[in-house]
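Modelling step: build the complete structure from the supplied sequences, incorporating the hints.
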Amino acid sequence: MTITTGEFPYAVEMRDIVLRFPGVLANDHVNFTLKKGEIHALLGENGAGKSTLMNVLAGLYRPESGEIKIKGKPVTFNSPKDAIASGIGMVHQHFMLVPTLTVTENILLGLKEPRFIMRLAKYDKKILALQEEFGLKADPSANIWQISVGEQQRVEILKTLYRGADILILDEPTAVLAPQEIEELMQTMRILVDQGKSIIFISHKLNEVKAVADRLTVLRKGKATAEGIDPQGLSRADLAELMVGREVIFQIDKKAQVPGEVVLEVDKLSTTNNRGLAAVKGVSFSIRQGEIFGIAGIAGNGQSELVEAITGLRESEGSIRINGVEVSNCSPGKAINCGVAHIPEDRTGVGTAPNLSVTKNVIMKNYTESPISNGWRINYPAAHDHAVDLKEGYDIQTPTVETQARKLSGGNLQKLILAREISGKPQLIVAMQPTRGLDVGAIESIQKLLLEQRSNGAAILLISEELDELLELSDRVAVIFNGELVGQMDASQADLNTIGMMMTGSLRSNE
Amino acid sequence: MKFPFRITFENRTEEVPKWMPLATSLGAVVAAFIINGIVLWLIGSNPFRVYKFFFNASFGSWGAFSDIVVKATPLILIGLGYSLAFRMKIISIGAEGQFYMGAFFASLVVLVPLVPLDSPKIVVLTLMAFMGILGGALYGMIPGILKAYYNVNEIITTLMLNYVAVYWNNYWIFGKYSDAGFQMTPTFDKVAWLPRLADLASKYPFFSGITLHLGVVFGLVAAILIWLILKYSRWGYEISLIGDNPKAANYAGINIKRNIVLVMIVSGALAGLAGMSEVTGVVHRLQEKISTNYGFSGVIVAWLAKLHPFAVIPVSILFGALIVAGREIQPSGISFLIQGTILFLVISSDVLLRYKVRISRRQEEVA
Chain W
1 MTITTGEFPY AVEMRDIVLR FPGVLANDHV NFTLKKGEIH ALLGENGAGK STLMNVLAGL
61 YRPESGEIKI KGKPVTFNSP KDAIASGIGM VHQHFMLVPT LTVTENILLG LKEPRFIMRL
121 AKYDKKILAL QEEFGLKADP SANIWQISVG EQQRVEILKT LYRGADILIL DEPTAVLAPQ
181 EIEELMQTMR ILVDQGKSII FISHKLNEVK AVADRLTVLR KGKATAEGID PQGLSRADLA
241 ELMVGREVIF QIDKKAQVPG EVVLEVDKLS TTNNRGLAAV KGVSFSIRQG EIFGIAGIAG
301 NGQSELVEAI TGLRESEGSI RINGVEVSNC SPGKAINCGV AHIPEDRTGV GTAPNLSVTK
361 NVIMKNYTES PISNGWRINY PAAHDHAVDL KEGYDIQTPT VETQARKLSG GNLQKLILAR
421 EISGKPQLIV AMQPTRGLDV GAIESIQKLL LEQRSNGAAI LLISEELDEL LELSDRVAVI
481 FNGELVGQMD ASQADLNTIG MMMTGSLRSN E
Chain F
1 MKFPFRITFE NRTEEVPKWM PLATSLGAVV AAFIINGIVL WLIGSNPFRV YKFFFNASFG
61 SWGAFSDIVV KATPLILIGL GYSLAFRMKI ISIGAEGQFY MGAFFASLVV LVPLVPLDSP
121 KIVVLTLMAF MGILGGALYG MIPGILKAYY NVNEIITTLM LNYVAVYWNN YWIFGKYSDA
181 GFQMTPTFDK VAWLPRLADL ASKYPFFSGI TLHLGVVFGL VAAILIWLIL KYSRWGYEIS
241 LIGDNPKAAN YAGINIKRNI VLVMIVSGAL AGLAGMSEVT GVVHRLQEKI STNYGFSGVI
301 VAWLAKLHPF AVIPVSILFG ALIVAGREIQ PSGISFLIQG TILFLVISSD VLLRYKVRIS
361 RRQEEVA
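Chains as they are written, first to last, in the numbering used here: chain W, 1 to 511; chain F, 1 to 367.
Don't take each hint at face value.
As the list claims (entries may be wrong) - Computed list of lysine-lysine pairs in BS3-like fashion (alpha-carbon distance at most 30 Å, straight line):
#1 K425/W x K223/W
#2 K356/F x K407/W
#3 K257/F x K334/W
#4 K36/W x K205/W
#5 K407/W x K247/F
#6 K247/F x K69/W
#7 K425/W x K221/W
#8 K18/F x K334/W
#9 K448/W x K247/F
#10 K257/F x K425/W
#11 K18/F x K407/W
As the list claims (entries may be wrong) - Going by beta-carbon spacing under 10 Å, a handful of chain F positions derived as facing chain W:
#12 R6
#13 Y232
#14 L241
#15 D350
Hints in this document: simulated from the structure, not taken from any laboratory.
All of these numbers come straight from a predicted model, not from anything done at the bench.
A virtual CB, placed ideally from N, CA and C, is assigned to each residue, including glycine.
Next comes the structure, spelled out in structure tokens:
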């Protein structure tokens, strides 16, 4: 062990990290180094071991072997507290904020100071000063629910800075942001490194990595396939190959086809959100057979409520007709019977029952129909065969169909949901964020499945925050802002800039 | 000096072995007896003698064992009802009230009377069973409807309705149907007594004094039915889906509100049948305190059985033993103490199913 004095070469040095989960080698002799004042991007598919590696660094897991040095000093983290004390701060993809508290209160949450009397005004000032220093604007006295997602993210970053972090881990920070907000985040990241912080940036997107990262590490199946390389010379295909281990075809094979009859007709639809506030305001559109209609927008602009109204999960005003039959305010069961398939936004919270088996999850929509249903009984042998068919037909990776659904990876869970929904031969597929958080391989197969359904004549409503994907898959696109559709156009004529401006409400056009 | 070992809890990433839930439950029971042994020792008794006495009072003879099964009978029915509700994450604690309502409705058959008392025994008893089920079911339906359609917390409503049922019962036995001013009704005509083994004593002297009655058969049949429903039926599938993820169930088109009411009705019906079985099989009249907290012990039974219908049976017998032995022991609170400790430990032992406990030697702190 050499003790370096003065300037240390690396802020973080992880050598030969090995961590095994039952049956999986999550980290297989991984090396990762972060220089002081650099942005180091970490890429990999889901399950490649990125989160595991970062959780080791954040003190949540202890590696079986390997060495971690922070600022040149070997450390052993027994808990996240130790990691925070060493200056490591993690910004999770899902924010850990209390919506009814103010920005300042959220930042102070869990700290020893202030002890009893809050004296918020004093701390508001402290936090303002911190904001000045790093260019992270967020009104300290505003409640979290009042501020935008981008601001909430800044609060998360401020939280780690206030705790004295100088090594920041940002876990897919751009996934929840609009294009303009992403640009702001990148500026923030540059300011942070200028001020001497070091950043680990987890991302799926090459253009972002190229724009902001100094170096790049790629993990695949627990092993590093690239260690600290320069991202500039890389192409999208090179990167995909590093991540997936084979060539990935990015060209989406969308055949030109003439749409058929109108399947879904939504007319002046309005509905409220869980807090009783107007969420969808007089939206009208229609989708034909063999057509994909995409809706772009930043999360929370009424997409969820719109989808729930169409699938019978939420009460609404106005009219929803499927093949001419009025279905507004009908039960979810009725919508299913009308041939509506729903790929929900929340795979684990809505789309599946995590502790039940794969079999029990795939019969969710057809357990009342023969052959799965046998009078009052469920024909479990038939259900089992159905599950095995879907597992093989849709390449769902699971040891057996009796495995609990929660043991499946995100991509496989999504394949399970798609298999279940598509096997019902739907007239209309409502897909909300169908590829979010999935790895390249899974995205490819999900997109293929949707296009197959398009060729089979299904009408598809696609809601996604991934603009590239939305434009590539859709025949027509619309932008939703603040509960209204602020523009509908042919996907072939849409341009990213216009849509980005519509998403933030700075432009509207109604053809 | 620091404690040389570090105890950490880690999330279980692998499958819990099949034997684990059984082992932790048994461990919880054993631990409860050890803890209570310490309590007994602290108050100056000899725990070994107390437990030996306990055992003899409950499993010492066929007569004693039959007493236990008699006590276990209402627990089986109530425990099954709770298991069904808990599987759907409905935390009902209303079996006590439903039990009283079942007993009251069943007693009406004799007290009003609803049929001439010279009718055949089978007619009278069938009607009483039907009335008991009806009483419990209606009484379970009330909190069910409140929960499903008005989102009223079922813990509060079921708990409060327990008191209502007890006092409702008291009103009738002190008032209209009182036996000469005592807080009980006159003894029922023998036509309303469930057959018991002692009835056969003239033919088989071995059964003399054996109090075991037909009610236990109700319990066993109910256990089989509930098991079949949970394992094979569409309704059982809906219950498991709602219990695991109500949002997914709603998304799958299942009517959750109707299922909440239905489960509360069935759960209440089982408790009502337990009430009927108790008045016709044991006390043979309606009176105060026909339940020795069956409605509350049933909660522990259901949890200790891990909501499995067949496991409810042996667990009920264990609790029957605690009730029987508890009568023989001073201070009489000991058996409730043991019940309480068991519930506490059983619920805590779930930690072991969700986390791995790792004990490691503390490493030298890095300077």
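Hints, one by one, checked against the model:
A C-alpha spacing of about 40 Å is found between K425/W and K223/W, which places the hinted pair above 30 Å, so the restraint is violated. Taken as a hint, the K356/F and K407/W pair is honoured in the structure, with Cα atoms around 18 Å apart against an allowance of 30 Å. Restraint check for K257/F and K334/W: satisfied, since their Cα atoms lie roughly 16 Å apart, inside the 30 Å limit. Taking the CA atoms of K36/W and K205/W, the gap is near 23 Å; set against the 30 Å cutoff, the hint holds.
Using a Cα cut-off of 30 Å, the hinted pair K407/W and K247/F holds, with the two alpha carbons roughly 19 Å apart. Between K247/F and K69/W, the direct Cα distance comes to roughly 45 Å. Violation of the 30 Å bound is thereby established for this hinted pair. Pair hint K425/W plus K221/W does not hold up; C-alpha atoms about 35 Å apart against a cutoff of 30 Å. Restraint check for K18/F and K334/W: not satisfied, since their Cα atoms lie roughly 39 Å apart, outside the 30 Å limit.
A threshold of 30 Å between alpha carbons decides the hint, and for K448/W with K247/F the separation of about 28 Å falls inside it, so the pair holds. Of the supplied pair hints, the one linking K257/F and K425/W holds, its CA atoms being roughly 28 Å apart against a limit of 30 Å. Distance restraint check for K18/F and K407/W: the Cα-Cα separation of roughly 17 Å lies within the 30 Å cut-off, and the hinted pair is therefore satisfied. At its closest, the beta carbon of R6/F sits 7 Å from a beta carbon of chain W; the interface hint therefore holds under the 10 Å criterion.
At about 5 Å, the closest approach between the beta carbon of Y232/F and any beta carbon in chain W falls short of 10 Å, and the interface hint on this residue holds. A hinted interface residue such as L241/F counts as satisfied when its beta carbon comes closer than 10 Å to some beta carbon of chain W; here the least separation is about 5 Å, so the hint holds. A distance limit of 10 Å between C-beta atoms decides the matter here; for D350/F the minimum to chain W is near 14 Å, and the interface restraint is violated.
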